[in-house]
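Student: Chain by chain, the residues run as shown.
There are 4 protein chains.
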Amino acid sequence: MTNQQKPSKLSSLYINCTLKKSPARSHTEGLINTSIEIMEQQGVVTNLIRAVDLNIQPSVDPDFTDDDWQDLYEKIKSSDILVIGTPIWLGEKSSVAVKIMERLYAHSAETNEAGQYIYYNKVGGVLITGNEDGGKHVARDVLYGLSHIGFTIPPQADSYWVGEAGPGPSYLDAGQQNEFTIRNTSIMTWNLIHLASQFKLNPIPAKGNVVQD
Amino acid sequence: MTNQQKPSKLSSLYINCTLKKSPARSHTEGLINTSIEIMEQQGVVTNLIRAVDLNIQPSVDPDFTDDDWQDLYEKIKSSDILVIGTPIWLGEKSSVAVKIMERLYAHSAETNEAGQYIYYNKVGGVLITGNEDGGKHVARDVLYGLSHIGFTIPPQADSYWVGEAGPGPSYLDAGQQNEFTIRNTSIMTWNLIHLASQFKLNPIPAKGNVVQD
Amino acid sequence: MTNQQKPSKLSSLYINCTLKKSPARSHTEGLINTSIEIMEQQGVVTNLIRAVDLNIQPSVDPDFTDDDWQDLYEKIKSSDILVIGTPIWLGEKSSVAVKIMERLYAHSAETNEAGQYIYYNKVGGVLITGNEDGGKHVARDVLYGLSHIGFTIPPQADSYWVGEAGPGPSYLDAGQQNEFTIRNTSIMTWNLIHLASQFKLNPIPAKGNVVQD
Amino acid sequence: MTNQQKPSKLSSLYINCTLKKSPARSHTEGLINTSIEIMEQQGVVTNLIRAVDLNIQPSVDPDFTDDDWQDLYEKIKSSDILVIGTPIWLGEKSSVAVKIMERLYAHSAETNEAGQYIYYNKVGGVLITGNEDGGKHVARDVLYGLSHIGFTIPPQADSYWVGEAGPGPSYLDAGQQNEFTIRNTSIMTWNLIHLASQFKLNPIPAKGNVVQD
Chain L
4 MTNQQKPSKL
14 SSLYINCTLK
24 KSPARSHTEG
34 LINTSIEIME
44 QQGVVTNLIR
54 AVDLNIQPSV
64 DPDFTDDDWQ
74 DLYEKIKSSD
84 ILVIGTPIWL
94 GEKSSVAVKI
104 MERLYAHSAE
114 TNEAGQYIYY
124 NKVGGVLITG
134 NEDGGKHVAR
144 DVLYGLSHIG
154 FTIPPQADSY
164 WVGEAGPGPS
174 YLDAGQQNEF
184 TIRNTSIMTW
194 NLIHLASQFK
204 LNPIPAKGNV
214 VQD
Chain V
4 MTNQQKPSKL
14 SSLYINCTLK
24 KSPARSHTEG
34 LINTSIEIME
44 QQGVVTNLIR
54 AVDLNIQPSV
64 DPDFTDDDWQ
74 DLYEKIKSSD
84 ILVIGTPIWL
94 GEKSSVAVKI
104 MERLYAHSAE
114 TNEAGQYIYY
124 NKVGGVLITG
134 NEDGGKHVAR
144 DVLYGLSHIG
154 FTIPPQADSY
164 WVGEAGPGPS
174 YLDAGQQNEF
184 TIRNTSIMTW
194 NLIHLASQFK
204 LNPIPAKGNV
214 VQD
Chain P
4 MTNQQKPSKL
14 SSLYINCTLK
24 KSPARSHTEG
34 LINTSIEIME
44 QQGVVTNLIR
54 AVDLNIQPSV
64 DPDFTDDDWQ
74 DLYEKIKSSD
84 ILVIGTPIWL
94 GEKSSVAVKI
104 MERLYAHSAE
114 TNEAGQYIYY
124 NKVGGVLITG
134 NEDGGKHVAR
144 DVLYGLSHIG
154 FTIPPQADSY
164 WVGEAGPGPS
174 YLDAGQQNEF
184 TIRNTSIMTW
194 NLIHLASQFK
204 LNPIPAKGNV
214 VQD
Chain W
4 MTNQQKPSKL
14 SSLYINCTLK
24 KSPARSHTEG
34 LINTSIEIME
44 QQGVVTNLIR
54 AVDLNIQPSV
64 DPDFTDDDWQ
74 DLYEKIKSSD
84 ILVIGTPIWL
94 GEKSSVAVKI
104 MERLYAHSAE
114 TNEAGQYIYY
124 NKVGGVLITG
134 NEDGGKHVAR
144 DVLYGLSHIG
154 FTIPPQADSY
164 WVGEAGPGPS
174 YLDAGQQNEF
184 TIRNTSIMTW
194 NLIHLASQFK
204 LNPIPAKGNV
214 VQD
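Protein chains in written order, with this note's numbering: chain L, 4 to 216; chain V, 4 to 216; chain P, 4 to 216; chain W, 4 to 216.
Hints in this document: simulated from the structure, not taken from any laboratory.
Wrong hints could be hidden among the right ones.
Repeated chains share a single entry, so a pair holds when one copy, or any two copies, can fit it.
Unchecked claim - Straight line, CA to CA, 27 Å or less: simulated DSSO-like cross-link-like pairs of lysine-lysine:
#1 K203 to K12
#2 K78 to K12
#3 K78 to K203
#4 K12 to K210
#5 K80 to K12
#6 K24 to K210
For reference, chain L alone in the conformation it holds in the complex (with noise of 0.2 Å):
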C-alpha cells in the first residue's frame, strides 16, 4: 500500500477557533502545530488559519458572499483533512468554532462530481485545550456535526490537553508534556492520513448515498 507511504498530494486544513486575534499568543495552535508537525514529515501539505482573524458573519446562507468565507470555503473544499482547533469555554466549544461548524452547514446540501454530499471522502478531527474540563464535550460536539454532513470520523480522531479541575495553568504554560496528550494528537494525525490516503485512492462508492432532488 504505496498510498499510505506516500500521500504527498494529500492536503490539510486546521482551522484554529481561539477568540484572541493574532499575534496574541493561543494556547490551541501550541497544539495544533504538534499535529501539522507530523503531517507535514509526512508530505502532508498544511494549512493553518486563525478564524479570528478573518472577517466571518454569523449565517447558515450558503449564498452570503459579503465576508471572507468563501475564500476558506474554496481552502475546505480543495482540502482533504479538516481539523477544528478550539479552546474550552464553560465546558464548551468557542463561539468561533460554532460559527464555523454553521457556515459549513450552510453548504451541507451542495454536491461533489459523484452526486453525493460536499463534504464526502474528506476527514475530520479535532483539537482542544483548556485549563481544565471539557475535551471529550466539545470534541464529540465538532466530531458529531462534521459527521452529520458528510465528514468522515476516523478512529480516535480527537485529542485534547485539559488540567485538573479548577484553575490552572493553560496548555503552552504547562510545558506540553502530557504524554497521553502526545499520543492521543500523534494517533489522531496518522488515523486522518491514513483514512485520507485511502480516500484519495478509493472514494466511498456512490452507491445509496447519491443526493437525489
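Keeping the supplied structure of chain L fixed, place chains V, P and W upon it in accordance with the hints.
Tutor: This is chains V, P and W only, laid out in the frame that chain L set:
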C-alpha cells in the same frame, strides 16, 4: 471495486437498547429492521440482539464474567459493523445503551493482531427513535463514544425519528412514513457497508496508531 | 405572599440570539413574545435585545470595552430575570448565543454587595425554536452555563418548539399552535416570576457562598 | 430569617451511582461525604443510598413495582434535597445514574397537593468524580434532567473532581486536596440548604404552573 459490490463476508451486529424486554413491541426495533433489510439485500450477515433480554451488569471491568456480556462481546469482535439502537428518554439515550457503552469501553485497551486497539477496522452507526426531540443529542454521544475507542464513523452514520415537540405517537404508531428518516437510514446503512468493505480489503495501516506498552 | 401577586418592580431581559439582523423575521422572537406577554400582564418590566444587531465581539476578557457589550452587561446586571432565546443549527444553540454566554462568563468572578458572585439572586430561562430536533440539547447547555455562573434555574425553565424529524416549516410558519410549547412557555415564565419575586423579598443568604480572595 | 439558620427539619438524599457494589471503595462517595458533613453540621437530615446495591430495573413505567424502586421513590418524595453522585466513564455519567433519571422521569406527571408537578419545591445538585475530564458534561445532563421534571437548581449546584488529561489517580487516591473542588462542594451544599429552607417557608406559588388535565 468488486469488494463494494459483493461484500458477502461482511457481518453486522445491531444492539437494540430499548428498556422493554421481548416480546414487547419496540419502536427502535422497527427502525432497525429498515436498516437490516438493506444490509441483507446486499448480502451482509446481520444479527440483532435486544440487550435487556440478556443479563448484563454495569461494569467497566474487562474481566467481569458473571453475566452474559462475554458472549455478546465475542459477537461484537467478530462483526465488521456495529449499530447501536436506542430510544430517547429525557432527551438522552437509554440506560441500557449507556451500560453497553461502558462494557465496550472496558475492553478498549485490548489490541488486534496488528497492535491497534481492538475496535479498529470496525465501523459504527446509531439508530434512534423517540416521540419527540433528542435525536442528534443521542447520536453525538453514541458516535463519539464509538469513535473514541477505535471505531470509524462513516459519513452521516446516524438516523433518527422524532415527532413534533410534545406528546405524540411513537415511531411505529406514526406509520414509519417519514422520508427524511427513511433516506437517512438508507444512507447510513450504505455508508457502513462501503467503509466496512474497504477496511476488509485495505485495513487501516498499523503505523502511528499502534499501542506501545 | 403579596410579593408574588404584585411583582411590579421585577425586571426581565430577553436576549434573542438569532443569526438574522433586524428587521428580518425571527421565529425565536415569535416564541419570546409569548413569554413577554405573560410577563407584562404580571407587571414585570421587559426588555428585548437582538444580539446580532449590536457589535459584540468574541471575548472572555471582562475589561474588553471596544464594542457594545458593556451596555448590554449593565442591562443584565439591572435585570432580575434573564432569558436566552436561540434558534437551533446542527442540533445546537447559535454561535451568537455562545458568544453571549462567553461574555457573561467573563464577568463571573465579580461579586455583589453581599460578596456572592454577581449573578446570584437572578433567575434564568431559555426559549428555543428549530424546524426539527435539538430543543433539549440546547436547553441543557444554556441552563447549565447560567447555573454554573450563579443564576438560579426555576423548575421547568426551558421551552422549545421543533417539528417532526426532517425538513419542515419553522415556528411562525407552523402556526404557533403547539399546546406543549404554549404550556411550557407559560410555566417557565410564571416560575421565573415566582422565584425572582421570592429573591426580591428574601435574597439567597450570604453564608457559605461568599467569595474569599 | 431564622429559617436559614435553623433548617433543622430539612431532609436530604444522596444517591451514589457508582458501578461498584458495597463494600467496594467509591471515590464518588468520598466526595459525597464532604457535602454530607456540611449538611449535618447545619442540622439537615441526610440519607445516602448506593443505587447499585438495590435491585432497580430500567423502566419508565411509574407502576413498575417488581423491584426496590418504590421504596427509594418514597425516600425521594420525602426529601427536600436530592443530590445525584456519579463517576465518569467515557466522559459521561454512569449507566446507573441514567437508570435513576429514567425512574425519576417515570413519575414526572404526578402532582403534589397544590397541583404542581411532584418534584416542585425540591432542589437538586450533582457531585461527580472521574480520573480525568467530563465533569461539566455530566453536570449539565443531570441538572437539566432534574430541572426539566420540576426540581429547582440553585446557583452553582455542581461540584466535580477530575485530574489532568489522561490516566491518573482517582479522587480518593489523589488526596481530596483540590481547593476548587472543596470550595465548590461547599458552595453547592450551602445553596441547596438555602433554597430548600426558603421553599420550606415559602413554597413556589401554585399559579401558572398547575397541571390541568
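Student: Output the indices of the hints that this structure fails to meet, ascending.
Tutor: 6
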